[in-house]
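Novice: Could you put together the complete structure from these sequences and hints?
Below are the chains, spelled out letter by letter.
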Amino acid sequence: MNDIIRPSLKVQLGKIKFKNPVITCSGTFSHGEEHMVFYDIGKLGAVTTKSYSLLPMKGNPPPRICETASGVLNSIGLQNDGIDSFIYRHLPWMKGAGASIILSIFGRTTEEFKKIALRILDIKSEILAVELNLSCPNLEQGGKAFCAVPEEVKRVVDSVVSMLDIPVIVKLSPDFETIDRSAELARQSGAEAISIINTVVGMAVDIDTAKPLLGNVTGGLSGPAVKPIALARVYQLCQQDILPVIAMGGVFGYRDLLEFLIVGARAVGIGTANFVQYDIGERILNDLTAYLREKKIDDVNKIIGRLKVEKKQA
Amino acid sequence: MNDIIRPSLKVQLGKIKFKNPVITCSGTFSHGEEHMVFYDIGKLGAVTTKSYSLLPMKGNPPPRICETASGVLNSIGLQNDGIDSFIYRHLPWMKGAGASIILSIFGRTTEEFKKIALRILDIKSEILAVELNLSCPNLEQGGKAFCAVPEEVKRVVDSVVSMLDIPVIVKLSPDFETIDRSAELARQSGAEAISIINTVVGMAVDIDTAKPLLGNVTGGLSGPAVKPIALARVYQLCQQDILPVIAMGGVFGYRDLLEFLIVGARAVGIGTANFVQYDIGERILNDLTAYLREKKIDDVNKIIGRLKVEKKQA
Amino acid sequence: MKLLNSEILSNQQYGPGIFKMELFSPYIVRNVMAGQFVNIRCAPNDGTDPLLRRPFSVFDIEERFNVFSVLYMVKGKGTGYMSSLRKGDTVDLAGPMGSGIDLNTGSKDILLIGGGMGIAPLNLIAKMALARGKNVFIMAGFRDSSLLRWERDLVRMEVKYRIFSEDGKWGEKGLVSEYIFEGDRFYKKHEIYVCGPVEMLKIIQEKLGRYQISATALLEEKMACGIGVCMGCVVKIRGKNGSFSYKRVCREGPAFELSEVVFE
Amino acid sequence: MKLLNSEILSNQQYGPGIFKMELFSPYIVRNVMAGQFVNIRCAPNDGTDPLLRRPFSVFDIEERFNVFSVLYMVKGKGTGYMSSLRKGDTVDLAGPMGSGIDLNTGSKDILLIGGGMGIAPLNLIAKMALARGKNVFIMAGFRDSSLLRWERDLVRMEVKYRIFSEDGKWGEKGLVSEYIFEGDRFYKKHEIYVCGPVEMLKIIQEKLGRYQISATALLEEKMACGIGVCMGCVVKIRGKNGSFSYKRVCREGPAFELSEVVFE
Ligand SMILES: Cc1cc2nc3c(=O)[nH]c(=O)nc-3n(C[C@H](O)[C@H](O)[C@H](O)COP(=O)(O)OP(=O)(O)OC[C@H]3O[C@@H](n4cnc5c(N)ncnc54)[C@H](O)[C@@H]3O)c2cc1C
Ligand SMILES: Cc1cc2nc3c(=O)[nH]c(=O)nc-3n(C[C@H](O)[C@H](O)[C@H](O)COP(=O)(O)OP(=O)(O)OC[C@H]3O[C@@H](n4cnc5c(N)ncnc54)[C@H](O)[C@@H]3O)c2cc1C
Ligand SMILES: Cc1cc2nc3c(=O)[nH]c(=O)nc-3n(C[C@H](O)[C@H](O)[C@H](O)COP(=O)(O)O)c2cc1C
Ligand SMILES: Cc1cc2nc3c(=O)[nH]c(=O)nc-3n(C[C@H](O)[C@H](O)[C@H](O)COP(=O)(O)O)c2cc1C
Ligand code: FES
Ligand code: FES
Numbered sequence: 008m009n010d011i012i013r014p015s016l017k018v019q020l021g022k023i024k025f026k027n028p029v030i031t032c033s034g035t036f037s038h039g040e041e042h043m044v045f046y047d048i049g050k051l052g053a054v055t056t057k058s059y060s061l062l063p064m065k066g067n068p069p070p071r072i073c074e075t076a077s078g079v080l081n082s083i084g085l086q087n088d089g090i091d092s093f094i095y096r097h098l099p100w101m102k103g104a105g106a107s108i109i110l111s112i113f114g115r116t117t118e119e120f121k122k123i124a125l126r127i128l129d130i131k132s133e134i135l136a137v138e139l140n141l142s143c144p145n146l147e148q149g150g151k152a153f154c155a156v157p158e159e160v161k162r163v164v165d166s167v168v169s170m171l172d173i174p175v176i177v178k179l180s181p182d183f184e185t186i187d188r189s190a191e192l193a194r195q196s197g198a199e200a201i202s203i204i205n206t207v208v209g210m211a212v213d214i215d216t217a218k219p220l221l222g223n224v225t226g227g228l229s230g231p232a233v234k235p236i237a238l239a240r241v242y243q244l245c246q247q248d249i250l251p252v253i254a255m256g257g258v259f260g261y262r263d264l265l266e267f268l269i270v271g272a273r274a275v276g277i278g279t280a281n282f283v284q285y286d287i288g289e290r291i292l293n294d295l296t297a298y299l300r301e302k303k304i305d306d307v308n309k310i311i312g313r314l315k316v317e318k319k320q321a
Numbered sequence: 008m009n010d011i012i013r014p015s016l017k018v019q020l021g022k023i024k025f026k027n028p029v030i031t032c033s034g035t036f037s038h039g040e041e042h043m044v045f046y047d048i049g050k051l052g053a054v055t056t057k058s059y060s061l062l063p064m065k066g067n068p069p070p071r072i073c074e075t076a077s078g079v080l081n082s083i084g085l086q087n088d089g090i091d092s093f094i095y096r097h098l099p100w101m102k103g104a105g106a107s108i109i110l111s112i113f114g115r116t117t118e119e120f121k122k123i124a125l126r127i128l129d130i131k132s133e134i135l136a137v138e139l140n141l142s143c144p145n146l147e148q149g150g151k152a153f154c155a156v157p158e159e160v161k162r163v164v165d166s167v168v169s170m171l172d173i174p175v176i177v178k179l180s181p182d183f184e185t186i187d188r189s190a191e192l193a194r195q196s197g198a199e200a201i202s203i204i205n206t207v208v209g210m211a212v213d214i215d216t217a218k219p220l221l222g223n224v225t226g227g228l229s230g231p232a233v234k235p236i237a238l239a240r241v242y243q244l245c246q247q248d249i250l251p252v253i254a255m256g257g258v259f260g261y262r263d264l265l266e267f268l269i270v271g272a273r274a275v276g277i278g279t280a281n282f283v284q285y286d287i288g289e290r291i292l293n294d295l296t297a298y299l300r301e302k303k304i305d306d307v308n309k310i311i312g313r314l315k316v317e318k319k320q321a
Numbered sequence: 004m005k006l007l008n009s010e011i012l013s014n015q016q017y018g019p020g021i022f023k024m025e026l027f028s029p030y031i032v033r034n035v036m037a038g039q040f041v042n043i044r045c046a047p048n049d050g051t052d053p054l055l056r057r058p059f060s061v062f063d064i065e066e067r068f069n070v071f072s073v074l075y076m077v078k079g080k081g082t083g084y085m086s087s088l089r090k091g092d093t094v095d096l097a098g099p100m101g102s103g104i105d106l107n108t109g110s111k112d113i114l115l116i117g118g119g120m121g122i123a124p125l126n127l128i129a130k131m132a133l134a135r136g137k138n139v140f141i142m143a144g145f146r147d148s149s150l151l152r153w154e155r156d157l158v159r160m161e162v163k164y165r166i167f168s169e170d171g172k173w174g175e176k177g178l179v180s181e182y183i184f185e186g187d188r189f190y191k192k193h194e195i196y197v198c199g200p201v202e203m204l205k206i207i208q209e210k211l212g213r214y215q216i217s218a219t220a221l222l223e224e225k226m227a228c229g230i231g232v233c234m235g236c237v238v239k240i241r242g243k244n245g246s247f248s249y250k251r252v253c254r255e256g257p258a259f260e261l262s263e264v265v266f267e
Numbered sequence: 004m005k006l007l008n009s010e011i012l013s014n015q016q017y018g019p020g021i022f023k024m025e026l027f028s029p030y031i032v033r034n035v036m037a038g039q040f041v042n043i044r045c046a047p048n049d050g051t052d053p054l055l056r057r058p059f060s061v062f063d064i065e066e067r068f069n070v071f072s073v074l075y076m077v078k079g080k081g082t083g084y085m086s087s088l089r090k091g092d093t094v095d096l097a098g099p100m101g102s103g104i105d106l107n108t109g110s111k112d113i114l115l116i117g118g119g120m121g122i123a124p125l126n127l128i129a130k131m132a133l134a135r136g137k138n139v140f141i142m143a144g145f146r147d148s149s150l151l152r153w154e155r156d157l158v159r160m161e162v163k164y165r166i167f168s169e170d171g172k173w174g175e176k177g178l179v180s181e182y183i184f185e186g187d188r189f190y191k192k193h194e195i196y197v198c199g200p201v202e203m204l205k206i207i208q209e210k211l212g213r214y215q216i217s218a219t220a221l222l223e224e225k226m227a228c229g230i231g232v233c234m235g236c237v238v239k240i241r242g243k244n245g246s247f248s249y250k251r252v253c254r255e256g257p258a259f260e261l262s263e264v265v266f267e
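Order-wise, the sequence lines are chains A, B, C and D.
Heads up: the first sequence begins at 8 in our numbering, then just goes up one per residue.
Heads up: the second sequence begins at 8 in our numbering, then just goes up one per residue.
Heads up: the third sequence begins at 4 in our numbering, then just goes up one per residue.
Heads up: the fourth sequence begins at 4 in our numbering, then just goes up one per residue.
You may find that some hints are simply not true.
So the derived label-pair ranges between C-beta atoms look like this [claimed, not checked]:
#, chain 1, residue 1, chain 2, residue 2, range
1, B, T216, A, K22, 27 to 37 Å
2, B, D306, A, R96, 50 to 60 Å
3, C, R67, B, K131, 49 to 59 Å
4, B, T216, D, R67, 12 to 22 Å
Just so you have them, the derived chain C footprint on chain B, three or more residues with Cβ under 8 Å [as the list claims (entries may be wrong)]:
#, region
5, 72-85
6, 100-113
7, 290-298
To be clear, the hints were calculated from the coordinates, so they are not data collected in a lab.
Since the structure is predicted, the reported quantities are computational estimates derived from the model, not experimental observations.
Where a beta carbon is used, it is the ideal one built from N, C-alpha and C, also for glycine.
Specialist: Structure (structure tokens):
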């Protein structure tokens with residue numbers, strides 16, 4: 008009855024090729040070691056590492072996690088062991104596990120980004136792409152996020168691209184209206200794709216103590232609560248057709264992934280869901296394949312950007 | 008055992024006096040007629056009417072509602088009968104019901120705002136304040152929201168304030184980074200308070216038909232999902248201490264209301280919750296009173312702005 | 004209209020994926036009119052997912068016992084939650100809602116045309132019309148025989164009916180909408196009520212339109228509030244001279260003159 | 004560590020607002036070490052509220068029957084949901100998690116100091132230590148007698164214990180933390196495990212510190228993932244030369260050397 012045995016799942020974003028559009032988001036999957044207990048992470052389109060800075064960072068004081076309605080606030084504060092720890096400890100493990108790797112990095116100055124890029128030079132053949140987490144604070148702009156100021160995005164991308172001949176992905180936050188402009192400047196500077204959304208700024212208060220529920224006062228909201236926001240941002244960006252888009256925000260099942268593909272994303276990241284359904288990556292991959300088969304769609308690319316908008320007259 | 012029989016609930020925002028900080032949000036309570044079946048709306052600090060334009064507006068094509076995780080997307084499109092219908096039909100009923108009234112209005116040009124202000128002149132003694140819904144599209148700026156451009160906020164506030172000697176509240180959307188600037192210009196132009204947040208831009212897609220789940224493609228997200236976002240915006244604005252703040256976004260119980268008061272809001276609006284718990288206004292009012300009594304707090308103002316932030320060193 | 008906590012007297016499978024929930028509520032039983040619905044909260048305690056209430060037509064009432072029932076199909080989270088409830092649990096509901104249909108006046112002959120779960124509100128119309136001494140004739144079409152059990156209710160009501168099913172396994176084989184209107188005589192003398200999928204309503208609208216026969220359609224639309232405050236549940240209704248307006252299913256409806264509904 | 008669907012064998016009240024849930028799981032029973040926990044999904048099906056799993060210490064295991072249990076206090080949505088489950092329902096859980104405590108080595112004398120629900124992990128430590136022929140002495144303090152039933156479990160385990168309660172209605176009147184350390188002799192020869200509210204841990208840390216007696220504290224922190232990927236559940240741990248680092252309760256913990264924990 009069913010002819011499509013193995014629908015093609017390959018997607019391409021500029022020069023970046025993924026074997027399928029199911030990837031995991033930075034900071035929510037570590038390097039895959041923990042999840043490898045639950046499924047073979049080599050099956051994923053890509054694993055995005057946590058974001059690395061040049062030197063180790065301690066991160067923010069606890070509490071760092073606060074659950075909200077259908078969402079999670081976090082103020083991890085980018086705790087990480089520094090880029091060298093990735094290169095010497097985690098990368099070898101990831102290669103061994105057969106993971107396709109997106110390396111996420113951040114700096115607090117353009118200079119720091121450059122220094123990290125320098126370290127990566129040697130291992131560039133072992134990773135699919137570098138993702139620049141530009142939602143991190145830019146010390147040269149008083150701690151405002153890099154992506155708040157499109158020109159700062161440009162500066163960083165310019166310098167990283169000039170040093171590394173591997174694809175660069177720019178990750179943006181939904182909190183700024185400058186998304187289109189940042190994407191455009193990133194394109195001009197040679198970025199390959201845009202990842203969106205990072206978490207949304209949020210907060211929660213313990214009414215009994217009158218203290219913020221996060222050690223860092225505000226934090227980033229993720230999970231199903233933000234999915235409609237992410238989808239609107241991805242849709243709006245895809246409409247501009249500036250760069251291919253990797254979408255993320257609240258994906259908890261294959262139906263969410265399909266929504267993002269339909270509005271135009273070429274790959275979709277799973278974040279918070281990794282905390283709840285440890286095998287979600289594999290599950291979504293299987294469900295996607297089953298869906299395509301059932302609908303007799305032989306190539307996942309046929310779904311991408313297929314949104315039907317019939318603006319009715321009111 | 009308990010000495011505080013009747014804690015004082017009065018709050019004041021500039022010249023606006025509310026008998027208590029519990030108000031209902033524009034567009035979620037109509038004029039209170041429907042909710043009057045469930046409780047006496049005269050008890051509320053204020054009822055904010057739906058937003059009125061000069062002439063009747065049909066609104067957006069259906070579907071207009073889509074439920075999301077702990078939230079609701081709507082694309083009502085400001086359907087309303089026009090300001091005259093408020094003045095001649097609804098206002099008399101509201102006065103009869105003993106409601107304290109905030110009249111919400113919007114125009115698509117500054118001119119339209121002025122024309123509406125002119126109509127209100129006669130009834131100004133019957134309302135507590137006028138709320139300018141500045142999240143509506145500004146036709147003079149290509150349909151971008153008024154509050155996207157602080158100078159446009161100023162233009163509207165200037166003209167309304169110059170015509171009406173009743174307090175003006177400016178309602179802003181969380182989607183723009185210009186909140187502080189808009190608030191500052193609104194203050195300079197004589198506004199009395201800021202209402203925040205309006206809904207967050209969001210979207211949802213029906214994967215079976217590949218069509219948006221809202222007739223208008225994108226819509227506004229409200230409900231518990233957005234509470235952390237609203238709280239962060241209110242906190243950040245209150246920190247600036249530009250104008251008193253009326254907070255809203257995801258309030259479903261008195262604990263939510265207290266969170267907003269603690270970060271500095273002087274009054275709190277109930278929106279989407281009116282759709283689910285029809286008696287929520289009265290319930291929150293009772294629960295707030297009971298809470299203050301239990302905590303032996305004799306005046307609700309003692310809670311406002313009491314957030315304890317001890318930024319720990321990481 | 005009231006907010007109520009009603010006790011479940013039974014919540015049993017009626018067909019595959021279909022349940023009938025019987026609730027104790029003197030208030031609903033005393034006040035409900037044909038065509039009205041109740042709005043049920045489908046999350047435990049202060050849960051926020053699903054957030055909104057779910058509307059369900061009142062399917063039946065048992066005045067002697069102060070019991071009313073809803074017939075529902077499990078579709079998603081809300082109805083899934085409902086199906087997990089048991090006898091003795093209470094349900095947070097509000098109702099009766101919507102403008103009811105007054106069966107004390109109007110024609111003595113009532114024709115009800117239903118498709119699938121659309122029979123839910125028609126069942127109560129039938130019961131109430133019969134109680135007022137009217138003649139009720141039901142034509143109902145189904146995809147399969149999931150709702151087979153309903154025939155027992157019809158037999159008990161002693162109502163005239165014809166059943167159609169697409170697979171022919173229940174009643175006659177075919178679609179109601181196809182069968183209908185081989186002529187107009189019969190239909191003209193009846194007061195007609197229609198409830199079912201949009202595709203069916205469209206065909207019937209078109210066919211009745213040819214003979215300018217009026218009918219009342221019971222519509223569904225996604226709802227946020229159910230009480231008329233949000234303007235979310237509107238349908239497009241034709242006005243005079245090519246104009247139209249958006250009317251609320253939860254207030255002006257769910258019953259509308261079929262010929263005036265604009266399906267898009 | 005595995006994702007499991009475990010059947011509930013019983014879920015009964017243990018005290019006011021406190022339940023004990025017994026679950027069938029050969030895998031957990033075979034693999035769990037003292038101090039480990041399971042991470043339970045507390046929303047039905049694909050519900051998103053509450054979103055995150057909830058961590059619970061393994062309270063007890065019955066190897067013969069492949070049954071383990073968790074003792075939990077109803078605090079909010081998650082535990083409220085758990086308390087609504089019944090025998091025969093299945094629970095989506097993952098475990099065992101956290102680095103366990105190896106009781107095959109170490110001192111022959113074990114002292115367990117617990118406060119309130121903090122007794123949950125201590126119970127399993129006691130059981131496992133006894134099974135390894137160790138001497139176990141328990142000192143536990145409570146606000147009231149909600150956990151009274153636990154004394155039956157202690158008697159059955161044939162363990163030595165002293166109970167304190169603030170109201171004096173159960174065991175001796177007073178706080179464990181006050182009572183403790185009238186001298187240091189007794190404590191020095193024991194391997195000590197402590198679990199309870201932060202206030203209690205602080206006092207004990209201070210008192211033990213005076214005599215430089217080491218102890219293992221079982222800590223709690225809000226968790227997002229429970230498997231070590233999110234860096235959410237960290238506590239501040241003193242390093243050498245005044246330095247410190249953030250360690251994960253779900254991976255490096257829940258057991259930490261008490262003297263190294265920085266309470267803020
Ligand atoms: C006035 C009225 C009366 C109704 N009476 C009945 C009845 O007697 N029996 C019955 O089984 N159903 C009835 N419905 C439909 C019922 O409300 C929906 O099936 C229910 O809300 C689905 O909830 P869910 O959480 O299970 O599904 P969801 O997960 O919310 O959605 C599952 C599917 O149901 C559709 N749906 C969701 N809400 C509605 C809605 N308000 N109206 C129509 N479709 C919806 C969605 O588009 C989706 O395709 C009625 C609807 C209205 C408006
Ligand atoms: C390693 C570990 C082992 C635990 N073992 C047990 C146990 O054996 N028995 C038991 O009853 N409880 C145990 N807890 C605490 C238990 O996880 C929380 O009580 C539970 O998550 C509350 O969920 P809720 O949805 O009911 O409450 P919520 O509505 O989430 O919160 C209610 C209250 O509980 C607090 N809380 C929420 N999550 C946690 C958490 N992860 N840790 C501590 N406090 C929290 C909140 O701050 C709030 O004050 C343990 C926690 C950890 C970290
Ligand atoms: C605990 C946590 C840590 C995160 N850390 C990072 C990070 O280091 N770098 C980054 O670019 N994004 C980080 N993110 C953002 C996610 O990668 C993702 O963009 C966001 O969570 C939205 O997706 P989701 O809703 O599926 O989680 C983090 C998110 C969470 C919840
Ligand atoms: C259906 C609906 C209609 C709304 N209409 C208006 C409106 O006409 N004017 C306005 O200023 N805000 C309107 N809002 C926004 C609310 O007033 C409120 O700012 C927002 O919903 C956030 O609060 P909540 O999360 O409690 O709903 C509307 C919101 C909803 C859900
Ligand atoms: S559902 Fe809100 S107006 Fe009908
Ligand atoms: S809970 Fe995620 S690292 Fe511990």
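Novice: Each of the hints needs a verdict: does it hold here or not?
Specialist: Comparing the hints with the structure gives:
{"no.": "1", "hint": "B/T216 to A/K22: 27 to 37 Å", "verdict": "holds, 34 Å"}
{"no.": "2", "hint": "B/D306 to A/R96: 50 to 60 Å", "verdict": "holds, 58 Å"}
{"no.": "3", "hint": "C/R67 to B/K131: 49 to 59 Å", "verdict": "holds, 57 Å"}
{"no.": "4", "hint": "B/T216 to D/R67: 12 to 22 Å", "verdict": "violated, 55 Å"}
{"no.": "5", "hint": "72-85", "verdict": "holds (count 9)"}
{"no.": "6", "hint": "100-113", "verdict": "violated (count 0)"}
{"no.": "7", "hint": "290-298", "verdict": "violated (count 0)"}
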